[in-house]
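Respectively, the protein sequence lines represent chains A and B. Heads up: the first sequence begins at 11 in my numbering, then just goes up one per residue. Heads up: the second sequence begins at 17 in my numbering, then just goes up one per residue.
What the hints contain is simulated information worked out from the structure, not anything from laboratory work. It cannot be assumed that every hint is accurate.
[Claimed, not checked] So the derived list for chain A, only partly shown, Cβ under 7 angstroms to chain B, looks like this:
| no. | residue |
| --- | --- |
| 1 | T20 |
| 2 | R23 |
| 3 | I26 |
| 4 | L31 |
| 5 | L37 |
| 6 | F43 |
| 7 | L50 |
| 8 | Y216 |
| 9 | D220 |
| 10 | N501 |
[What the hints assert, rightly or not] No more than 16 angstroms apart at the CA atoms, straight line, and that leaves these computed lysine to aspartate or glutamate pairs for EDC-like:
| no. | chain 1 | residue 1 | chain 2 | residue 2 |
| --- | --- | --- | --- | --- |
| 11 | A | K563 | A | E577 |
| 12 | B | K342 | A | D220 |
| 13 | A | K219 | B | D29 |
| 14 | B | K342 | A | D655 |
| 15 | A | K72 | A | E552 |
| 16 | A | K298 | A | D287 |
Everything numeric in this text was worked out from a predicted model, so none of it was measured. Positions of the beta carbon are idealized from the N, C-alpha and C atoms, including for glycine.
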Amino acid sequence: MSVFNQSRSTIIRLIIAGIFLLIVAQLVNLQLFSNKYKALALNNAVYPKVKYPDRGIIYDRKGKAILNNTIMYDLEVTPSQIKGVDTNYLCQLLEIDTIEFKKRVVNAIVKNGRYRPSIFEDLLAPLVHARLEENIYKFPGFSLVERPVRTYPFQAAAHIMGYIGEADSAIIKRSENFYRLGDFVGRSGLEQFYEPVLMGKRGVEYMIKDNKNRLVGKYENGQFDTAAIAGRNLRTYIDIEVQQLAEKLMRGKVGAVVAIEPKTGGIIAMTSGPNFDPNLLTGPDKQKNFNKLFLDVSSPLLNRAIKGQYPPGSTYKPLGALVGLDEGVLTSASGIGCAGAYYGCRRPVKCTEKFAGHAANLRLAIAWSCNSFFSNAFRLAIDNPKFKDSREGLTRWHDYLSRFDLGHRTGIDLPSEDGGNVPDTAAYDKEYNRSWNSCTMVTIGIGQDKLLVTPLQMANAVCIVANKGYFYTPHFVDKIDGETKNDTLLNKYRRKNEVLTHIADADFETVISGMQDVVDIGTARVAKIPGINVCAKTGTAENYRMIDGVRTKLKDNSMFVCFAPRENPKIAIAVVVENAGFGATWAGPIAALMMEKYLNDTLRTERLKEVERISNADLLPGYLVREQYKQDSIRAYNWFKMTKDTSVIKRFLRKSVPKPEEVKPLNPVQPKEPVGRVTRLSPEAILPGRQKIVSNSNTYQA
Amino acid sequence: MNQRKPEISKGIDWLLVWLYIILVSIGIMSIFAATYHEGDPVIQTFLSLKTDYSRQTLYFGIGGVLAVFILLTDSKFFTATANLWYAFGIGLMLLVFPFHTDVKGTQSIIRFGGFQLQPAELCKVFVNLALAKYLSRVETNFSDTRAQLIAAAIAVFPALLSILQHETGLALVYFSFFLVMFREGLPAAILIIGFSLAVLVVATLVVDPNTLAIVLTIIAGAAIFILRRQIKRKRRLLFMIAGIWFVCVGIQRFAVPYVFDKVLQPYQVKRIYDTIGKDYVPKNASEILEIEQKAGKKTKEDGDYNVKQSKIAIGSGGLVGKGLLKGTQTRYDFVPEQRTDFIFCTIGEGFGFLGSFALLGIYFLLLMRIISIAERQRSVFSRCYAYGVASVLFFHITINICMTIGLAPVIGIPLPFISYGGTALLTFTILLFILIRLDADRQMVLR
Numbered sequence: 011m012s013v014f015n016q017s018r019s020t021i022i023r024l025i026i027a028g029i030f031l032l033i034v035a036q037l038v039n040l041q042l043f044s045n046k047y048k049a050l051a052l053n054n055a056v057y058p059k060v061k062y063p064d065r066g067i068i069y070d071r072k073g074k075a076i077l078n079n080t081i082m083y084d085l086e087v088t089p090s091q092i093k094g095v096d097t098n099y100l101c102q103l104l105e106i107d108t109i110e111f112k113k114r115v116v117n118a119i120v121k122n123g124r125y126r127p128s129i130f131e132d133l134l135a136p137l138v139h140a141r142l143e144e145n146i147y148k149f150p151g152f153s154l155v156e157r158p159v160r161t162y163p164f165q166a167a168a169h170i171m172g173y174i175g176e177a178d179s180a181i182i183k184r185s186e187n188f189y190r191l192g193d194f195v196g197r198s199g200l201e202q203f204y205e206p207v208l209m210g211k212r213g214v215e216y217m218i219k220d221n222k223n224r225l226v227g228k229y230e231n232g233q234f235d236t237a238a239i240a241g242r243n244l245r246t247y248i249d250i251e252v253q254q255l256a257e258k259l260m261r262g263k264v265g266a267v268v269a270i271e272p273k274t275g276g277i278i279a280m281t282s283g284p285n286f287d288p289n290l291l292t293g294p295d296k297q298k299n300f301n302k303l304f305l306d307v308s309s310p311l312l313n314r315a316i317k318g319q320y321p322p323g324s325t326y327k328p329l330g331a332l333v334g335l336d337e338g339v340l341t342s343a344s345g346i347g348c349a350g351a352y353y354g355c356r357r358p359v360k361c362t363e364k365f366a367g368h369a370a371n372l373r374l375a376i377a378w379s380c381n382s383f384f385s386n387a388f389r390l391a392i393d394n395p396k397f398k399d400s401r402e403g404l405t406r407w408h409d410y411l412s413r414f415d416l417g418h419r420t421g422i423d424l425p426s427e428d429g430g431n432v433p434d435t436a437a438y439d440k441e442y443n444r445s446w447n448s449c450t451m452v453t454i455g456i457g458q459d460k461l462l463v464t465p466l467q468m469a470n471a472v473c474i475v476a477n478k479g480y481f482y483t484p485h486f487v488d489k490i491d492g493e494t495k496n497d498t499l500l501n502k503y504r505r506k507n508e509v510l511t512h513i514a515d516a517d518f519e520t521v522i523s524g525m526q527d528v529v530d531i532g533t534a535r536v537a538k539i540p541g542i543n544v545c546a547k548t549g550t551a552e553n554y555r556m557i558d559g560v561r562t563k564l565k566d567n568s569m570f571v572c573f574a575p576r577e578n579p580k581i582a583i584a585v586v587v588e589n590a591g592f593g594a595t596w597a598g599p600i601a602a603l604m605m606e607k608y609l610n611d612t613l614r615t616e617r618l619k620e621v622e623r624i625s626n627a628d629l630l631p632g633y634l635v636r637e638q639y640k641q642d643s644i645r646a647y648n649w650f651k652m653t654k655d656t657s658v659i660k661r662f663l664r665k666s667v668p669k670p671e672e673v674k675p676l677n678p679v680q681p682k683e684p685v686g687r688v689t690r691l692s693p694e695a696i697l698p699g700r701q702k703i704v705s706n707s708n709t710y711q712a
Numbered sequence: 017m018n019q020r021k022p023e024i025s026k027g028i029d030w031l032l033v034w035l036y037i038i039l040v041s042i043g044i045m046s047i048f049a050a051t052y053h054e055g056d057p058v059i060q061t062f063l064s065l066k067t068d069y070s071r072q073t074l075y076f077g078i079g080g081v082l083a084v085f086i087l088l089t090d091s092k093f094f095t096a097t098a099n100l101w102y103a104f105g106i107g108l109m110l111l112v113f114p115f116h117t118d119v120k121g122t123q124s125i126i127r128f129g130g131f132q133l134q135p136a137e138l139c140k141v142f143v144n145l146a147l148a149k150y151l152s153r154v155e156t157n158f159s160d161t162r163a164q165l166i167a168a169a170i171a172v173f174p175a176l177l178s179i180l181q182h183e184t185g186l187a188l189v190y191f192s193f194f195l196v197m198f199r200e201g202l203p204a205a206i207l208i209i210g211f212s213l214a215v216l217v218v219a220t221l222v223v224d225p226n227t228l229a230i231v232l233t234i235i236a237g238a239a240i241f242i243l244r245r246q247i248k249r250k251r252r253l254l255f256m257i258a259g260i261w262f263v264c265v266g267i268q269r270f271a272v273p274y275v276f277d278k279v280l281q282p283y284q285v286k287r288i289y290d291t292i293g294k295d296y297v298p299k300n301a302s303e304i305l306e307i308e309q310k311a312g313k314k315t316k317e318d319g320d321y322n323v324k325q326s327k328i329a330i331g332s333g334g335l336v337g338k339g340l341l342k343g344t345q346t347r348y349d350f351v352p353e354q355r356t357d358f359i360f361c362t363i364g365e366g367f368g369f370l371g372s373f374a375l376l377g378i379y380f381l382l383l384m385r386i387i388s389i390a391e392r393q394r395s396v397f398s399r400c401y402a403y404g405v406a407s408v409l410f411f412h413i414t415i416n417i418c419m420t421i422g423l424a425p426v427i428g429i430p431l432p433f434i435s436y437g438g439t440a441l442l443t444f445t446i447l448l449f450i451l452i453r454l455d456a457d458r459q460m461v462l463r
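Please put together the full structure from these sequences, using the hints given.
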């Protein structure tokens, strides 16, 4: 019987061999010919943990750190390890209730799962951190994690430094996925402009993770790890003490100050009023503070030094004089008899001075800021017999002003600068249907009409005058530590722009003498500094604004430009104080104090009183109060409509709306939660670059 | 010859014993690799029997003791008590119904004290004995259909019980006994038909129904064309071809969809679909729920995930592997059930193609040795029993490895001698050592 089916034994063996061959074939396919499985396994098990480098530090010209790094702490929770935690005690330390506690734990589980740590509370206040540090052993599953944070030891230069924030999808896309979600990048100011330098190089630490994504150790003992390279430091031209002084003086004012070193184009100080302490946007309350600043109608987040566009008013006059002299329509001896107004055109242009001889020659005309003289000078330049018509004259004038670096962005090392406006023939062709003459725009001669400049441009133009024809593009950063040939960011700031050196030195001397007279005998005697020859020009520009839909004339803007010392200019300043009256009343003294501080390194004791006087002066325009009230009440109404929560709107019921110039500013009202889309905007949405300037823009015209 | 041997080692096939020891050692090492975590105190945990590899070593020891006992037993004992054992096994399986404990979704486990017993697993030995006994009876004429049916019933009855206990994987194992019956003279046509049927079912799942129907028709047409001369002589042939075609289309069109719809559990359908790479769309919410529950209980994750991770583990091993304890897939628990059903991943990842190939080689050697042992038996009982051992081992090895490399659906059956699990290891030990015992008496004719 056993012989009977012997052949079947062979068949069974063949079947077994066949199936084993099939298995071997699949093994060959999986193990020898498919490369993807290795990659998949690595992907499964190896987690590249990014090591963030320290960001670069920003120093002022004397080597003091304006912007530094410090460590704050986040409280992290690993939900799977919470066992036997005294929840009540922890809540008490964190000042939250148990409902909130549960909510946060659930959020953490939803976000990162049970086994991985998630942030429970970020950026702990120092006091809370100290309390937790002592007791953290009582809370298994909770741990304190270091987090590097930017700090500003001088509480100054908020607008210049900018801030860092988490990269959003737009930034990630623009960087071609160099940045990842959760990375911190510079979102404005120098932090943004010098991002590649400041951020350094990220390192990677390869960690092994298990099937629940827990990190369980280093991969291959860290042999593939790369260390993080710290960001490089920036050495700037800023004098932090002058900067602090400028910010102090601009307290309670709307406007801007820019101080530049003419020889290098290095910016010594720049501030915009109203100002704020940059540390407000780094600590535990950063979101709250940010909302508060964001909702303030005086726009403290706006850098008016590069975004505020103002008619320069009389501060334009030295430039007008130089154009006239170079074109040959003026000489240093040119004079005009002015009796308080210019009657060359149909509508008279008023002049503040009436006494005879205040415009007997160019120097005097500058010293006394004679409107008649400069209206006339402008018309002479436009209607120059050299040209075939005033069209060519205006083109020529436009060319001159462009050379003064006006009407376009200067290219400062801050993002989102505005360019101002120098009108050309096209602008008037459009408005007057090609029928215009020099009378149409005569007030350009006194820095009004369509002429708009930023405070930065004003300061830069003063530098060109002080340097007698050349300038360096204004910038903050002098050197980058460890600079190499690959650092091209600073190249354009080291190129000398000889834009107007063809103007004769004698012409510059005439104008500069006039500007010195302004301080010595003219309108800006307040700006005198003993022992130093200061050259300056005041400006008082008309200030119009749409209020409640009506174009309203407000108090004049107080403008001031100056440089000193005359012989070897070391500092040039432009100051704008909105709604503050004569140039010599507020803007002049501010510039004078800054010059003195910078040139003498200290202020005379009797001047300290002056600092306090200016600093304490509250010049915020009255319409802001009304505007704030309007905005807050509208927001409160929307909040009420959305949530039926009456707590906020109650404050606005049965209360009369403040009239302009009546009530002093209130703090902006804060709804408890962000309202609608307004506050949920990302910080980027309100970056100076994206925001239309609120306070001035096109409402200024004369 | 019916005298007892003075020493038990006489006649023992040492090659099998060594292969057994090697395989179990590989198993313990693989379980160690799969479950050891860095920093575990090896000796301490080993002695305290808290880890799987130390427990497996204990089972190995128990298996050794059992093996010695088996080798000390008279061969006649097995022939004499075969039917009794079978009855005992069936009894145990029936006991499961009132006394089972729910473990991971199966209802096939009895628990007493700290031990778990899976009668369906153990019953393989008894079925093998009973089948060998039946086939070796003098009065059995296996060419008789009735005898074939009885033999099939002996094998299939525990399988049915197993299915009732929601242990489909183990049930399938009993079908491997058809290989024994094939050796003993079951018509080859049955195996061919079975194989063709399997091909047809797979084709039904993979190929679009209409296309398949057309292909079947073309095949039938071709067959008629090729056999046209014979058909002229024998009309019956034409009817036969037409009949086969009709049955095939019927299966493809109605039988398979019916089985998948009504007979199989949704999670089983999903696993089969996962293997052939098709998306299974559950019909209604209750099915989705059921799939999730089953998947959750069975393997924590769905079968697709297991197979994917398992393929990644084996594929990432490459030619020589990552080395013991270096495999990231197995070390960090990406492959579920990796100490039991998916233990092959640990070898594939740690020792690469060469390691897997070597293991396959050992298995192949084992199977070939068993078959050649079978063929040298004088008694039909021993030969049938040996073939039974080979069939069961072959089925386990094939299905288990094919499952880990994505060639078969996920069926939870262990890899012989290697997977962690006391019952399985002891069952295979008993299975193998009874064979060794019988082989030692190969000159004897056992009835």
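Inset, instruction - Of all the hints given earlier, name the ones this structure violates by number, lowest first. - result: The structure breaks hints 1, 4, 6, 8, 10, 11, 13, 14 and 15; every other hint is satisfied.
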